[in-house]
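For this one, chain D is given, so just place chain E on it according to the hints.
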Amino acid sequence: MDPQMTTRDDLWSDLLRRALGGDGPCYARFLHEATPVIRKIVRARCTVEAEVEDIVQEVLLAVHAKRHTWRSDLPVSPWLYAIARYKAADAARRRRVAVPIEDVVETLEDEATGDVTAARDLARLLEGIDPRAAGIVRAVGVEGESAGEVGARLGMSEGAVRVAYHRAMTKLRQMAEAEDD
Amino acid sequence: MTEKTTTDDLIATLAGDPAPAPKAAPEALLLRRLALGVAGTLVLFFALLGPRPDVLAALADPVVLAKTVLPFVLALLALPLALNAARPAAPRGWPAQAIWVLPMAALSLFMLAYATHAPADRLRLFVGHSIPVCMPAIVTLSLPVTAALISVLRRGAPLNPMACGAFAGLVAGGLATTVYSTFCTEDSPLFYSVWYSLGIALAAGVGAWAGRRWLTW
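Chain order of the listed sequences is D and E.
Residue numbers 1 to 181, in the working numbering, belong to the letters of the first sequence in order.
Residue numbers 1001 to 1217, in the working numbering, belong to the letters of the second sequence in order.
The shape of chain D in the complex, shown without the other chains (with noise of 0.2 Å):
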């Protein structure tokens, strides 16, 4: 390892540290300066540049699903990367196969014009999560609420109302994934 990528994972090291240890300024240091890094492993494997910020934003949600998983006397750089690299082609790999968000507003589109078997497939997912996260996706995906405004109802930043519907919109995937299977 060169000198500088040395001092950087040192710096890193002691953010991360200092983090889970409960300093959260040190916390969002540590992931901002990792975004960048996250991002340009991404883009490596993921060639619409549409899909790159959502895979970044769920690398993000897994590392922090997973933080605990750092040996804090070992350097931070490689099990951040290997995080990145798992979630990214992780990632890829289920949007080449699995229902795009697109297509699941789709069939909430569909509510509309009458085809009542696919709504009523998205109805019944939706049953499956827990009503908070459920209300969020069907103010968001199904009335077209921005985060911001539902956020404002609920007493939630717009960021969490952000996080709540990538979530949710995770587990509906999974949940269709698992019954195709």
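Don't read these hints as lab results, they were simulated from the structure.
Every value quoted in this text rests on a predicted model; they were computed, and no experiment measured them.
Some hints could be false.
Claimed, not checked - Quick list of the computed label-pair ranges, beta carbon to beta carbon: (1) D:R93 x E:P1132: 51 to 61 Å; (2) E:D1061 x D:E177: 46 to 56 Å; (3) D:R17 x E:L1107: 13 to 23 Å; (4) D:R93 x E:A1118: 52 to 62 Å; (5) D:V37 x E:D1061: 56 to 66 Å; (6) E:R1122 x D:R17: 41 to 51 Å; (7) E:A1201 x D:G144: 19 to 29 Å; (8) D:E177 x E:R1092: 28 to 38 Å; (9) D:E179 x E:R1092: 32 to 42 Å.
Said to hold, decoys possible - Computed footprint of chain E on chain D, listed as stretches where at least three residues anywhere in the stretch have a Cβ under 8 Å from a Cβ of chain E: (10) 31–45; (11) 55–63; (12) 126–139; (13) 153–161.
Each residue gets a CB set at the ideal place from its N, CA and C atoms; glycine is no exception.
For chain E alone, coordinates are given in the frame of chain D:
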């Protein structure tokens, strides 16, 4: 709302929750779950098989003792491999090399027994009388431990879920074989170094399948 600002929003949200749950690491659960799994294996063992009457006398012979000790050492070495496989980019460490000593030891014991038995005895000892018990018993006894370990490893982030599950199956197969060996009266390495190994391999296969099914994230 541009993509860039939404990623920033996401980071801001995540940064509101910096510290993971205090017992989030797989290791925090390990001992309790593993104890449960082993207890399950022992309950199955005593309910279905039970130790042979002369178990202590038999274990005084090092060649017989080996069929109990070798799978146990295998389990001990496979456990850190399973745990490390659940941490992205964690080095495998020395157990990855050390674990090869066990198949080598089994092979050596097999060759030694082959060389020291008359040709007429070899096939009899190799086939034995309990293959139809041995194989299913080892796999069955391994299941509680495999289940326990998979439930622990789900908290990790295995980049290769099948391999991680296979290591869990190897631990479970090793422990199951250790327990099973106190029931089994086939004391020649011509039997156990082959059929026990096959049983453990089957248990590892079950683990790999379970890993693919439950360890993807």
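(request) Could you check the hint for me, namely that V37 of chain D and D1061 of chain E are 56 to 66 Å apart, CB to CB? (result) 59 Å, holds
(request) Take a look at whether the Cβ-Cβ distance between R93 of chain D and A1118 of chain E falls inside 52 to 62 Å. (result) 58 Å, holds
(message) Is the coverage entry for the stretch 126–139 of chain D by chain E consistent with the three-residue Cβ rule at 8 Å?
(response) It is violated, with 0 qualifying residues against the three required.
(request) Apply the coverage criterion to the stretch 55–63 of chain D and chain E: a residue qualifies when its Cβ sits closer than 8 Å to a Cβ of the chain, and three qualifying residues are needed. (result) holds (count 5)
(message) Can you tell me whether the CB distance of A1201 of chain E to G144 of chain D sits inside 19 to 29 Å?
(response) Check failed, 56 Å falls outside 19 to 29 Å.
(request) Confirm or reject the claim that R93 of chain D and P1132 of chain E have a C-beta distance inside 51 to 61 Å. (result) The hint (51 to 61 Å, Cβ to Cβ) is violated, given that R93 of chain D and P1132 of chain E are roughly 42 Å apart.
(request) Evaluate the given range 28 to 38 Å for the C-beta pair formed by E177 of chain D and R1092 of chain E. (result) Distance hint for E177 of chain D, R1092 of chain E holds at roughly 32 Å.
(request) Check the following: the C-beta atoms of E179 of chain D and R1092 of chain E are separated by a distance inside 32 to 42 Å. (result) Once the Cβ atoms are compared, 38 Å apart, the range 32 to 42 Å for R1092 of chain E and E179 of chain D holds.
(message) 41 to 51 Å was suggested as the range; check whether the CB atoms of R1122 of chain E and R17 of chain D agree with it.
(response) 60 Å, violated
(message) Looking only at beta-carbon atoms, does the pair R17 of chain D, L1107 of chain E fall within the given range of 13 to 23 Å?
(response) The hinted range 13 to 23 Å is violated for R17 of chain D and L1107 of chain E, with Cβ atoms some 45 Å apart.
(request) Using the beta carbons of D1061 of chain E and E177 of chain D, state whether their distance is inside 46 to 56 Å or not. (result) Because 55 Å falls inside the window, the suggested range holds.
(message) For the stretch 31–45 of chain D, count the residues whose Cβ lies under 8 Å from any Cβ of chain E; is that count three or more?
(response) holds (count 3)
Taken one by one, the earlier hints fail for this structure at numbers 1, 3, 6, 7, 12, listed in ascending order.
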